[in-house]
Amino acid sequence: MVVFIINGTVTEKESGVPLSRLFVKAYDKEGVFDAVLGAAPTDAGGRFEIPCRLTDFTPFFDKRPDIFFNVYREDRRTLVHASDRALRWRDGTVPPIEIRIPANEFAPPHLAQMRLTADDGVDRESLEAGESLIVSASGLRPIRTYEIVVSSAPKDLFVSRLLTDARGEIGSTVLWPQMGMDDPQTGRCLTYAESRNRWQGARLDVTLRLEGDTVVRRQVPLAKTFTRPFIMSSDREGRMLNGFERGAQGLHLAMHNLSFRGPARVYMVQRQHDWQVGDEFEVARLSGVESAVRELDVDAGDMYFEFAPADALPLGAFDFVVRPLRYGYEEDELLRVLPRDVLSGRRTTGVVIREQFLQGKPVLGGCVNKIPISGRWIDGAPYFRYADAFEIGEDVWAGFDPGIVDPANVGSMCGLYVVPSKTEAQWLMSNSLTHLTQLGGNANVQRVKLQVGCFNGNRHRVWPGVMQPGEYDIVADMGANLTPDAMAFTPDNAYNTPTDIIDGYFTPGFRVLEDPGVHTQPGLFAGTWDYDRAGLSALGLAGVVLVDDENTGYASPGVFSLVRWQVALRARTFFPADMAGVIDPAQISTTKASYPLVVIVHGNGHSYTSYDFLLRHLAMNGFVAASIEVPSDMHGLGRGNLALAHVAVLRAKFGNTVDNNIGLMGHSRGGEGVVKAARLNQQQMLGNNINAVMALAPTDQYGREVFGGTFATPFFVLYGSRDGDIAGWNPQIFTGGYTWRMTGFSLYDRASGAPKSMAFVYRATHNGFITGNESGDNPISVADQQAIVKAYLTAFFRRHLRGEAQWDGAFTGEWQPASANATGAQIYFQYQAPGGKSVDNFEGPILDWQSSTVGASVSHGATLPSDPAENRMFDYPPNNPGLDSRSPHDTQGLKIRWDDIGQRLVWTIPAAHKDVTAFTVLSLRVTIKEGSPNNIANLPQDFRVSLKDLANNQRAIRVSAFAVVPWPDQGSNLDLRKSALTSVRVPLKAYTIVAAGAPVVDLQNIAELALEFTIRDLGEIEVDDIEFTN
Amino acid sequence: MFPIYSAAQIPEFTWRAAEVVTELDHKPQLVVRIAVSGGYFPHRALVPMMQIVRPDGEVIPSWFTRISPDNHTLYGYFATDLPEEGVIQFGYGDGPPGRVRAAFSSKQVTRLVRDRLGRDVVVVTQASLDKFRGPR
Chain A
3 MVVFIINGTV TEKESGVPLS RLFVKAYDKE GVFDAVLGAA PTDAGGRFEI
53 PCRLTDFTPF FDKRPDIFFN VYREDRRTLV HASDRALRWR DGTVPPIEIR
103 IPANEFAPPH LAQMRLTADD GVDRESLEAG ESLIVSASGL RPIRTYEIVV
153 SSAPKDLFVS RLLTDARGEI GSTVLWPQMG MDDPQTGRCL TYAESRNRWQ
203 GARLDVTLRL EGDTVVRRQV PLAKTFTRPF IMSSDREGRM LNGFERGAQG
253 LHLAMHNLSF RGPARVYMVQ RQHDWQVGDE FEVARLSGVE SAVRELDVDA
303 GDMYFEFAPA DALPLGAFDF VVRPLRYGYE EDELLRVLPR DVLSGRRTTG
353 VVIREQFLQG KPVLGGCVNK IPISGRWIDG APYFRYADAF EIGEDVWAGF
403 DPGIVDPANV GSMCGLYVVP SKTEAQWLMS NSLTHLTQLG GNANVQRVKL
453 QVGCFNGNRH RVWPGVMQPG EYDIVADMGA NLTPDAMAFT PDNAYNTPTD
503 IIDGYFTPGF RVLEDPGVHT QPGLFAGTWD YDRAGLSALG LAGVVLVDDE
553 NTGYASPGVF SLVRWQVALR ARTFFPADMA GVIDPAQIST TKASYPLVVI
603 VHGNGHSYTS YDFLLRHLAM NGFVAASIEV PSDMHGLGRG NLALAHVAVL
653 RAKFGNTVDN NIGLMGHSRG GEGVVKAARL NQQQMLGNNI NAVMALAPTD
703 QYGREVFGGT FATPFFVLYG SRDGDIAGWN PQIFTGGYTW RMTGFSLYDR
753 ASGAPKSMAF VYRATHNGFI TGNESGDNPI SVADQQAIVK AYLTAFFRRH
803 LRGEAQWDGA FTGEWQPASA NATGAQIYFQ YQAPGGKSVD NFEGPILDWQ
853 SSTVGASVSH GATLPSDPAE NRMFDYPPNN PGLDSRSPHD TQGLKIRWDD
903 IGQRLVWTIP AAHKDVTAFT VLSLRVTIKE GSPNNIANLP QDFRVSLKDL
953 ANNQRAIRVS AFAVVPWPDQ GSNLDLRKSA LTSVRVPLKA YTIVAAGAPV
1003 VDLQNIAELA LEFTIRDLGE IEVDDIEFTN
Chain B
41 MFPIYSAAQI PEFTWRAAEV VTELDHKPQL VVRIAVSGGY FPHRALVPMM
91 QIVRPDGEVI PSWFTRISPD NHTLYGYFAT DLPEEGVIQF GYGDGPPGRV
141 RAAFSSKQVT RLVRDRLGRD VVVVTQASLD KFRGPR
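Those protein sequence lines, which keep their order, are chains A and B. Position one of the first sequence corresponds to residue 3 (this note's numbering), numbered consecutively onward. Position one of the second sequence corresponds to residue 41 (this note's numbering), numbered consecutively onward.
These aren't lab readings, by the way, just hints derived from the structure by calculation. A hint or two may mislead.
The following residues of chain A were derived to be distant from chain B, with all beta-carbon distances above 12 angstroms [unchecked claim]: (1) Pro43; (2) Arg75; (3) Pro110; (4) Ala204; (5) Pro223; (6) Ala250; (7) Glu282; (8) Gly472; (9) Gly726; (10) Tyr764; (11) Ser777; (12) Gly778; (13) Gln808; (14) Asp810; (15) Ile903.
Per the computed footprint, the stretches of chain B lying under chain A, defined by three or more beta-carbons under 8 angstroms from a beta-carbon of chain A, are [to be verified]: (16) 85-99; (17) 118-132.
Here's a subset of chain A near chain B, in silico, CB distances under 8 angstroms, partners left out [stated by the list, open to error]: (18) Arg328; (19) Tyr329; (20) Tyr331; (21) Glu332.
For glycine and all other residues, C-beta sits at the position ideal for the given N, C-alpha and C.
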């Protein structure tokens, strides 16, 4: 049997757009051989590879038969295109073929279909006001912008322009949310009675057009009598009002056509982007404490009542669930959607209660509408998730949350651009927008209306099947003038403040790059080599080593008794290979001359065989990766020494095919052990270049190890908030003089001298990253934790062992790898690079909040209700008093409380330090003080960081534009909840880039840095490491 | 590696009980639901169980037992005519049971008002369960 490959691409002839999910068959037309030589599907890039299997290859080339291609749709039966010329031979080889299908063959007009439904997705004879009009279409040309015109004779109501995907389809898209409850031309909202009068018995015409030509036309009859139950947030007159600023008014609900009578319960619940029966819901809190639930007696089909007064309403987006109650039924107590429940909308948001809009802008007083937009559509609740990193082949969506869009823009038309990210200088030079050419350029910008109170109406696929790596921004261009009228709207191809909206500007809105948790190097397989004492002896290597270890845990450095272990070496190794099934390191892939080495050290009670999924993935990414066996109850020093013994074995066995470029990853006790290994390697002058160290849920119980100085190495800590083992207990339950909560936080705090990063994963556990959750405290799934560790571990070693700088943003917290983001886990980062200019790190024996590290004064100008407190962060009285008994940190910091808008804390910058142009970021670590009554429950904290120059130019940047200061994870054990610092990194260009209305700050002459509490009217936080850095 | 508990944190199980209507066999059925909480109840291959052991040693098994979605509560569903007192035991399959230290008392069961129940509600009794199960 001989196999050869015919490869090629399928594209649309006119545009060159690659056509995916087609099926290509290769034929020998002369019938010399089998009629069908082979077949293959096309991928996202329109590529195919057809393996042809022949029993005798020679006559094939002698006869040089004509090979033709038929291209079928995904069903593999419907013929799309038959090639009219044969494959040409060139020097006895088969050159790549390009099949170009004319548009009228791929998308003939008779195949174009358009479907119009309401929320339920069911075809019905008529729809009703209050339902959402949803469109989907197929049989269209790929990557084309189609116009959809909605008319009610004789007028056109509105026009949307939507982009097809690579298959020529428009997925289910909300065209008109809560149809008929507003006038699309004026934006004016109606009462339900007014809507009945206007729309009962009416008919809508919906026309799909391409370049002015009608492709499909459909009619949508509206019911003669509206009978479907309908619930909406309204104003006092009963007009739809599903968004307002907090404090502006109470929340009123209008309910119509209720089909039941008797007792009912109304839940105000956290918004989802879709609802299905069985979905669990989370009830909102009124005034921060009371469950947002109202019981009432339904005695009429139409009801109207005030759900909650203005001062009790929380910020956020909410839906409503109305449940008829049956006496005694336990099912009616369930917090999940039941079949009998009536919802305010499956895909439309019930109500958005937002903060005052101007407070929400990233630059105080500056007109830059920067909000998160890019995201991915996901199966299951919450159905849409913002994302900043996409893998090749994914679809990029834009989602405009009506809760954060400028109210002035809501109801107006906009053009959606995807543009390459620009530098500050490029923006300064030109604010023009160039929509990507692969999306059709500026002529094919999608035009949509920013809908009222509906996320799904504002969700659009902006880049199907991304193919081009890079960094991009998404811009909603509101055109020359705000208008709800699609006919009058023209995009102006420029980003203009204050009206246009952007995801990007200061930092890229999103990037397209490999997903480190999924991507493997093409053509690489994973070979395996397991070794043990006997095997090593046979190779002439020492199979048994003597390893020094501590006798137990201890608090003070060096205070332990030495124990010597005799250890028989055993490990499992995966390495890059050119074919599957390889088991000898001599068969390592020849793709490269040599590969970096990663060694994994497990924790106590773990097994070295549990890490195969990581080892295999590393091998297929071009690493030699080993997991070593450690005897039960070995401590940190022993684990470190044993890791180095294995490094020696691996380097001996792999010889020149493994680089002296080594990464270590340790889990639990192994996590502390690998930190010690980096030190021991230097102290023992072993000559290993250990260039990256990762600690997974590490202990911190062996002598308060300080990872720094001459041992400094890039360091990454990954730790879960529901760790049931290294849980961060108050040290009083242990003996031995510990005065800190012994987790990865403290290990991270003490590290210095090299870039360090720590990811804190809410609801992740100690073992869930590798095997199974040991904690029953509502952890996230093991599959999700494994996806997270796989993505970050691979990116970390690719960053520091292969020098790939594109992963840096994943470790500063700027973005999440796609596979980690897809888990939906809340992941918060700390990051610090050496070489920064510290303004205040709060270290030193003198605990004076009024003096700073940079050597000047700190003052709140008598604005704060009490002076800030500077001290060690963990409060451990009586001998080691500090700021916070729930702090997991082993460092000093500052605690600040404020109780009114406008309070501030100011650091003076001395003249010697006024020039910060060598830096790109203003960084600080912040946490909400867990348990403090001075923060709003479940709400991230927010404030601004301002810089003022010597000429009094000042800008205040909102921290939530660049990071989340999260509400502490609320595990069931109060003592284990943590005030966990998160890094906030504000790009310094936020202080200099064009922002209409805000002055430019001179970064060569900084006079003041201030924390401005201008967003939340109360709060209690702790901060550390305020610095200018990179 | 297992969770570390300090002495003060060894779980203390508690119970509470109330009549509820639940749908089984397409019919609303009035039963007593006993909720045991204070620990963690994983989903296992063995079915969860709960029973009341009367002072005379007779065992009253639940009709069925469920674990709450958050794994923090075990719900045993019993006939409405429960023994006046006894000890609540719980566990999995035929494994060794745990027990709730506080004794069960039928006086502490929150009862529903019969007149307010729907006419189609079936009141589950020990006799009807025995009939359903067959002789014990």
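Given A/Glu332 was flagged as interface, is its beta-carbon under 8 angstroms from a beta-carbon of chain B?
A/Glu332 check passes; min Cβ-Cβ to chain B is 4 angstroms, inside 8 angstroms.
Using C-beta distances, would you say chain A covers the stretch 118-132 of chain B, given that this needs three or more residues below 8 angstroms?
violated (count 0)
Evaluate the condition: distance from the CB of A/Ala250 to the nearest CB of chain B exceeds 12 angstroms.
37 angstroms, holds
Consistency of the no-contact label for A/Glu282, given chain B and a CB cut of 12 angstroms
Its Cβ does come within 12 angstroms of chain B, the nearest being 8 angstroms, so this is violated.
A/Arg75 non-interfacial with respect to chain B [C-beta, more than 12 angstroms]:
43 angstroms, holds
Beyond 12 angstroms from chain B, beta-carbon-wise, is A/Tyr764?
16 angstroms, holds
Taking C-beta pairs only, is A/Gln808 more than 12 angstroms away from all of chain B?
35 angstroms, holds
Would the hint on A/Tyr331 stand, with a C-beta cut-off of 8 angstroms toward chain B?
5 angstroms, holds
A cut-off of 12 angstroms on Cβ-Cβ distance, and A/Ile903 was said to be off the interface with chain B. Does that hold?
About 38 angstroms separates A/Ile903 from the closest Cβ of chain B, which puts it past 12 angstroms; holds.
Are all beta-carbon distances from A/Gly778 to chain B longer than 12 angstroms?
At roughly 4 angstroms from the nearest Cβ of chain B, A/Gly778 sits no farther out than 12 angstroms, so the non-interface label is violated.
Take a quick look at A/Asp810 and tell me if its Cβ sits farther than 12 angstroms from every Cβ on chain B, holds or violated.
Consistent with the label, A/Asp810 stays out of reach of chain B, its closest Cβ about 33 angstroms off (over 12 angstroms).
Measuring Cβ to Cβ, find out whether A/Ser777 lies farther than 12 angstroms from everything in chain B.
6 angstroms, violated
Hints 7, 9, 11, 12, 16, 17, counting from the list given before, are not met by this structure.
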